[in-house]
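Peer 1: For reference, the chains in residue letters:
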Amino acid sequence: MSMVSVLAVDLPYWAQSLLRVLGGLVAVLLPAGTIVYVFLFKMMSFMQSRLGPMEAGPYGSMQLFAEVGKWLQKEDIYPERADKFIFKLAPLIVLASTFLLVAVVPFGPDAWFTNFEAGIFYALAVSSVSVLGILIAGWASANKYSLLGGLRAAGQLIAYELPMVLAVIGVVIQAGSMNLQDIVLSQNAGSIFGWDGLGNPYVLTQFVGFVVFMIAVQAELTQAPFDMPIAESELVSGYMTEYSGFRFLIFFIGEFATAGVFAMIASILFLGGWGVPFAWFGWTDMDSVDNWMNIVGPLILFTKMMLVVFVVMWVRFSYPRFREDQLQRFAWKVLIPISLVNIMVTAILKVAF
Amino acid sequence: MTMLTDRQQLSYIAAQAADARVNLELETEGMTLNIGPQHPATHGTLRIIARLDGEQVVWAEPSCGYMHRGYEKLTEVRTFPQVTALVNRIDWLGSFANEVPFILAAEKLMGIEAPARAQHIRTILFELSRIANVSLFLGDLGVQLGAITPVFMAFRDREYVLNLIEGATGGRFHPNFDRIGGLKDDLPAGWIDETRTVMKKLRRFCDEIEDLLFGNEIFQSRTRGIGVIPRDVAMQYGLSGANLRASGVDWDLRRDQSLPMAWNKADWKVWTHNDGDSFARCWVRLQEVRESTKIVDQLIETIPAGPVMTKVPRIIKVPEGEAWVATENPLGEMGYYVVSKGDLGPFRVKIRSASFNNMSITPWLLKGVYVPDIITILASLYFILGDIDR
Amino acid sequence: MGRAPNGEVFPLSATDTDSPVVVDDARNAVVARFSSVLGDAVVDSFVKPGDDVWIRVRADSWRRAGEVARELGFAYFDFLSAIDWMPSPFGRGEDDPTEPAPERDMTIRQGYAGGETRMQVLARVVDPTTSLGVNLKVDVADDAPVIDSWVSVYAGANWHEREAWEMFGIRFAGHPDLRNMYLPTDFEGHPLRKDFPLLARIVKPWPGIVDVEPMPGGGSDDEAGE
Numbered sequence: 001m002s003m004v005s006v007l008a009v010d011l012p013y014w015a016q017s018l019l020r021v022l023g024g025l026v027a028v029l030l031p032a033g034t035i036v037y038v039f040l041f042k043m044m045s046f047m048q049s050r051l052g053p054m055e056a057g058p059y060g061s062m063q064l065f066a067e068v069g070k071w072l073q074k075e076d077i078y079p080e081r082a083d084k085f086i087f088k089l090a091p092l093i094v095l096a097s098t099f100l101l102v103a104v105v106p107f108g109p110d111a112w113f114t115n116f117e118a119g120i121f122y123a124l125a126v127s128s129v130s131v132l133g134i135l136i137a138g139w140a141s142a143n144k145y146s147l148l149g150g151l152r153a154a155g156q157l158i159a160y161e162l163p164m165v166l167a168v169i170g171v172v173i174q175a176g177s178m179n180l181q182d183i184v185l186s187q188n189a190g191s192i193f194g195w196d197g198l199g200n201p202y203v204l205t206q207f208v209g210f211v212v213f214m215i216a217v218q219a220e221l222t223q224a225p226f227d228m229p230i231a232e233s234e235l236v237s238g239y240m241t242e243y244s245g246f247r248f249l250i251f252f253i254g255e256f257a258t259a260g261v262f263a264m265i266a267s268i269l270f271l272g273g274w275g276v277p278f279a280w281f282g283w284t285d286m287d288s289v290d291n292w293m294n295i296v297g298p299l300i301l302f303t304k305m306m307l308v309v310f311v312v313m314w315v316r317f318s319y320p321r322f323r324e325d326q327l328q329r330f331a332w333k334v335l336i337p338i339s340l341v342n343i344m345v346t347a348i349l350k351v352a353f
Numbered sequence: 001m002t003m004l005t006d007r008q009q010l011s012y013i014a015a016q017a018a019d020a021r022v023n024l025e026l027e028t029e030g031m032t033l034n035i036g037p038q039h040p041a042t043h044g045t046l047r048i049i050a051r052l053d054g055e056q057v058v059w060a061e062p063s064c065g066y067m068h069r070g071y072e073k074l075t076e077v078r079t080f081p082q083v084t085a086l087v088n089r090i091d092w093l094g095s096f097a098n099e100v101p102f103i104l105a106a107e108k109l110m111g112i113e114a115p116a117r118a119q120h121i122r123t124i125l126f127e128l129s130r131i132a133n134v135s136l137f138l139g140d141l142g143v144q145l146g147a148i149t150p151v152f153m154a155f156r157d158r159e160y161v162l163n164l165i166e167g168a169t170g171g172r173f174h175p176n177f178d179r180i181g182g183l184k185d186d187l188p189a190g191w192i193d194e195t196r197t198v199m200k201k202l203r204r205f206c207d208e209i210e211d212l213l214f215g216n217e218i219f220q221s222r223t224r225g226i227g228v229i230p231r232d233v234a235m236q237y238g239l240s241g242a243n244l245r246a247s248g249v250d251w252d253l254r255r256d257q258s259l260p261m262a263w264n265k266a267d268w269k270v271w272t273h274n275d276g277d278s279f280a281r282c283w284v285r286l287q288e289v290r291e292s293t294k295i296v297d298q299l300i301e302t303i304p305a306g307p308v309m310t311k312v313p314r315i316i317k318v319p320e321g322e323a324w325v326a327t328e329n330p331l332g333e334m335g336y337y338v339v340s341k342g343d344l345g346p347f348r349v350k351i352r353s354a355s356f357n358n359m360s361i362t363p364w365l366l367k368g369v370y371v372p373d374i375i376t377i378l379a380s381l382y383f384i385l386g387d388i389d390r
Numbered sequence: 001m002g003r004a005p006n007g008e009v010f011p012l013s014a015t016d017t018d019s020p021v022v023v024d025d026a027r028n029a030v031v032a033r034f035s036s037v038l039g040d041a042v043v044d045s046f047v048k049p050g051d052d053v054w055i056r057v058r059a060d061s062w063r064r065a066g067e068v069a070r071e072l073g074f075a076y077f078d079f080l081s082a083i084d085w086m087p088s089p090f091g092r093g094e095d096d097p098t099e100p101a102p103e104r105d106m107t108i109r110q111g112y113a114g115g116e117t118r119m120q121v122l123a124r125v126v127d128p129t130t131s132l133g134v135n136l137k138v139d140v141a142d143d144a145p146v147i148d149s150w151v152s153v154y155a156g157a158n159w160h161e162r163e164a165w166e167m168f169g170i171r172f173a174g175h176p177d178l179r180n181m182y183l184p185t186d187f188e189g190h191p192l193r194k195d196f197p198l199l200a201r202i203v204k205p206w207p208g209i210v211d212v213e214p215m216p217g218g219g220s221d222d223e224a225g226e
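Protein chains in written order, with our numbering: chain A, 1 to 353; chain B, 1 to 390; chain C, 1 to 226.
It should be emphasised that the hints constitute simulated quantities derived from the structure, not laboratory data. The structure displayed is predicted, hence computed values, not measured ones. Be careful, since some hints might not be right.
[What the hints assert, rightly or not] Here are the simulated PhoX-like cross-link-like pairs (lysine-lysine), alpha carbons at most 25 Å apart as the crow flies: (1) C:K204 to C:K194; (2) B:K184 to B:K269; (3) B:K294 to B:K200; (4) C:K194 to B:K265; (5) A:K144 to B:K317; (6) A:K70 to A:K42; (7) C:K194 to B:K341.
Just chain A, same shape as in the assembly (with noise of 0.2 Å):
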């Protein structure tokens, strides 16, 4: 792997496996849990006109530590007449779709866990694997409430796909490529009309598009106005409801590390990845890139990933929920022939430009 030769230090295979799996991991739960604590603690709270937590550590930054301890040291139960196998399963399904998604993402010009020609491709077709464990763990807990939030969820879920990659296809479009690396460099690289002082970031070309894809990816992790599946004035938790303890855990940090890895797909394929606009250092291609963009290169990944969070809890804190036909309505009827016009004009111009 590339990075280890940034070491300049030759692992031996199974070093480099470890590290890539720490990697993966650091990069699954560090963005879960300063998500959480940062928005569903904090500004959730602020937002409310109250403080949050403040016990547990300074201004309740332990706060997470204190509510992992207390999941994990609870009571392993299942429901009598659940089935015991894929009751188990499902939470494990939906985290592992979330790792899966984290191995395409590059974190800079070197860092990268793999670097599929089809990563977004690949990146698209894994997210979907979470609606499988959300659907088995629906019917799995032997529970009407969990059996309606689960089918809700696989209505909404496969719904919503289709507008979040057709959003996509737009950008692939303009990239030319659908590897996430090329499309980093063609934003960086890029200029606007010839003046390169901001690359040329999709958000502003793919207007539409990343419209289309954050009000997708809302729907895609069950965050209010499209959260009828968990729904908690009607069906308790739903698909959740009988979860408790380390598997609710499980639940709860897939939910958020997939925002964050949503987020940070937002962020390479609209808001310019890991990079900046490569006219500021002068650097042309990749492989001019300077070597501590390795190490800055997630940071800045990191803060775009952020601000795209804040948008997506912002609108979860405000808005009531779609009931779950007008949420299909509004996918078919309005996401869908927005997003097909808007790879239609793209193309257009592509040919055009």
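The hints should help you fit chains B and C onto chain A, whose structure is shown.
Peer 2: Just chains B and C now, with coordinates in the frame of chain A:
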């Protein structure tokens, strides 16, 4: 004021018809779902048994009684002043309002009237309990629909009102302040100035809620056209309060009855809406809170001087007779039918609570709605379990 | 003398004659209209001027009385319940269990608009345009407490009649689904009847027997209080 357009109504009906066609074709078996008695959405221990066909309700039936405390039997072993403390707890969010009709009925049977100052202060506290009750409704409305932020604002601003009630009566939730013949005590010093400030804050809160919740497109699409109750059905079932006025019936017991209270000393308006859907009910309640703040503002400027209690015997024996008094409580029309035999306590008290009648319409109303709409309809009908179950 | 809420005075008893008697035209007209339509089904009536009106009808015309009320413009269904006029054999639940039970006067005296049976069904309907309400009473036979149901007249009577059945044991003929409202299905007895004791007082005697001091002044009625 925006109304439900024909197009919106037609599109909702068309969606329902389309679903019904699909259901007929697929012929799936129904699923029976228990909503409650432990549930975040029901205001207490209410159980609704719903038979679902997919996401649509085929029939739904509330099963009440989880909170039945046997009030009417208890009143038969209490003395008249003791019933006041008991009756506070029927509608526990606007508790002062529960005492008033009973006290008025007892005073009617005794042939006495509270002095003008007491009537005035009673009315002010009555309206404050309405504000406390309905502002919680406004916050809770958001939670039922998924917007988790307004409820915190509601609780924050409701605290001011509860502090006021506590300052005057000594109890935030169960004041137990009304007495046969007047009130227990006079108002403390500085209370009137405090009330002025709080009413301004409450009006600002109403504007915030209107902005945040009522103006939201998702809220509107979740509540418009949902749970339409026509006028005559509402009257047959005895719906009261904002539920009735949202169906276009211009009837408010504060204005249309002459009771020894001070509502006719303030200049205020009765709000109605013609749609009869959930949005109308919520909207009418919002306007009523604003109107209540205006009533309180006017009344606190004109409290007459005088005693707060007339001369009543130390041991109160209410003469023989029957009396009915109903007032426009926060939840609707609450009335007491008091039968007295000249004893220390009542012979029979029939408590006519607003939520009982409001809930009785749900089997009729919930046919054919979606599961999320059940929650919307229940939220907009607004009941308190203590009021249904007594 | 009693003073009505709108300021008019009315006699509290038949012997209270030293005040002007007020005539309430609107309520008298209500009684007249009911009597003209129902004829002799209206057994008794009582008008409290400025206050309220009570009309007692015969048991076999109970549903007809409801229909007449709805036709006369009383479209709003307020409530339907029952009253058990028998004095409670347990008194006010304050009996000392160590003492023998005291003698109690068990004569049944009904209230306004009279009555001939122990239990009566009471319903109230209101005309929302004038805010005028009428209380309708009907006797329920002691041996077979059955009365017609009002569900076909006012749909809201459904739940009220279920509650009356559960609490008093009065059956409503024609009710689609007469079952318990609050109590479990297998509950025995009808709690609001006077001969059904308040179980809390049976389980544990009223603590006031030993705890409460006697009233000051020996219980004189006319002591003024603040």
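Peer 1: Against this structure, judge whether each hint is valid.
Peer 2: Hints and how they fare:
For the hint pairing K204 (chain C) with K194 (chain C), the CA-to-CA distance comes to about 19 Å; that is within 25 Å, so the pair holds. With a CA separation close to 30 Å, the supplied pair K184 (chain B) and K269 (chain B) exceeds the 25 Å bound. Between K294 (chain B) and K200 (chain B) the CA atoms are separated by roughly 10 Å; this keeps the pair inside 25 Å, and the hint holds. Annotation: proposed proximity of K194 (chain C) to K265 (chain B) is violated, straight-line Cα distance about 43 Å (limit 25 Å).
Proposed proximity of K144 (chain A) and K317 (chain B) is contradicted: the alpha carbons are some 56 Å apart, above 25 Å. Straight-line distance between C-alpha atoms of K70 (chain A) and K42 (chain A) comes to about 20 Å, which keeps the hinted pair within the 25 Å bound. As the CA atoms of K194 (chain C) and K341 (chain B) are separated by approximately 14 Å, the hinted pair is consistent with the 25 Å bound.
Hint check: violations occur at hints 2, 4, 5; the rest are consistent with the structure.
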